[in-house]
Amino acid sequence: MMSEIINMLVFYIGLILVFLGGILDLLAAIGMNRFKNFYLRLHAATIGAIGGGFYPLIGLGLISLTLDWMGTNRFYVAGISFTTAFFLVLTAPVGSHALAQGTHKSRIVEPEPIVVDRLREDEEKGLIEK
Amino acid sequence: MLMPDQSTTMFLLSIATGLFITASIFYFIRLVKGPTLPDMVLAVDVLSYDLAVFIIIFSIACNSPLLSVGALPLVLWAYLLDMYVSKYLIRKELGD
Amino acid sequence: MILSVPVCYILIALFMTYALILTYKTMIEKDLVKAVIYSAGQAVAYTLVLTLLAAPDLVLAYVAVGVGMYTALFLFIISRTESKEYDNLKELGGMNEK
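Residue numbers (my numbering), protein chains in the order written: chain R, 1 to 130; chain V, 1 to 96; chain Y, 1 to 98.
FYI, nobody ran anything at the bench for these hints, they're computed from the structure. Every residue, glycine too, gets a C-beta built ideally from N, C-alpha and C. Be aware that a few hints might be false.
Unchecked claim - Computed from the model, here is a short list of chain R residues facing chain V with C-beta under 7 Å:
| id | residue |
| --- | --- |
| 1 | F19 |
| 2 | N37 |
| 3 | F38 |
| 4 | G53 |
| 5 | P56 |
| 6 | L60 |
| 7 | Y76 |
| 8 | I80 |
| 9 | P93 |
| 10 | L99 |
| 11 | T103 |
| 12 | K105 |
| 13 | V109 |
Kindly generate the complete structure, drawing on both the sequences and the hints.
Quick look at the structure:
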């Protein structure tokens, strides 16, 4: 009886995570089309990576752990899902930051709504190499 | 008791798949008409994270763990694509 | 399981269309770096198609070659030459004078 209740809780937590991830992914996709600038689209891409990739993968792993009709296959699917989620949350922010650094150094996009840009001032003064 | 059966579970996951399909259409629009290079790389990135979710859902629907092998290399190679492009943008050469 | 089969058909058709449009954009693009990124997007779209057609072994090779090796080699080659494609030789201008 106790294990059934835990199964049910884990299943519904996973389902909520999957649907939350879907809604966040849809919001990030709309934001990706409506923002004007690359540096603004980076915010939407962060939601798309963590909200649209990390949450649904954790949720699918939790769901597949509780499905009885999958037999022993559920442990393989859950393991792959958790591993993919771990590497995604490890590598997605690093990739976004590297892309932003490359864009800022090569100056192909101007950071439009900006107050002060210390990094570019330092580059023009020659304190750090271009 | 309160656990839904197989067809209901797959129905709920199909509805969730519809959300991700709609999101992937918008990402694809940004990929096609992206004005600069980093926009397109960002769109390819997030599209590949969506595809990992699709692959895991399909693997659950088919009850076969062999089909979900492609999710992890997809995420890791998308990260390496970021690194290549940012290194090309910084140095304009990709030698070392 | 009954409802999941049409979703698979929709996914195959949608991502085949993505791959077709991206291949066409790769052909007509003048900026070579953008063409390489379009080609990487085509490889990513083919990943899901090959998975839905139950060929996960092809996915491993296709992702490694299409997204990783192809992009790295072509960016390496482009960084040694020019990143622009010319229609005719007259646009090259001063290249012959060197």
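Now for the hints, and whether the structure bears them out:
Annotation: R:F19 was flagged as interfacial toward chain V, and the flag holds, the nearest CB pair being 6 Å apart, inside 7 Å. The beta carbon of R:N37 comes no nearer than 9 Å to any beta carbon in chain V, farther than 7 Å, and the hint placing it at the interface is violated. Interface restraint check: R:F38 against chain V, minimum CB-CB distance 5 Å, threshold 7 Å, status holds. Evaluation of the R:G53 hint against chain V yields a held restraint, the C-beta minimum of about 3 Å falling below 7 Å.
At a threshold of 7 Å, the smallest CB-CB gap from R:P56 to chain V is about 5 Å, leaving the interface hint in force. Contact between R:L60 and chain V, as hinted, is supported at the beta carbon level, the nearest pair being about 5 Å apart and thus within 7 Å. At a threshold of 7 Å, the smallest CB-CB gap from R:Y76 to chain V is about 3 Å, leaving the interface hint in force. Residue-level restraint check for R:I80 holds (minimum Cβ-Cβ distance to chain V is 5 Å; threshold 7 Å).
The restraint placing R:P93 at the interface with chain V is violated, with a minimum CB-CB distance near 10 Å, outside the 7 Å limit. For the restraint placing R:L99 at the interface with chain V, the shortest Cβ-Cβ distance is roughly 5 Å, inside the 7 Å limit, so the hint holds. About 5 Å separates the beta-carbon of R:T103 from the nearest beta-carbon of chain V, less than 7 Å, and the hint is met. Interface hint status for R:K105: upheld, as the beta-carbon distance to the closest one in chain V is roughly 5 Å, under 7 Å.
Interface restraint check: R:V109 against chain V, minimum CB-CB distance 6 Å, threshold 7 Å, status holds.
Violated hints, in rising order: 2, 9; the structure is consistent with all others.
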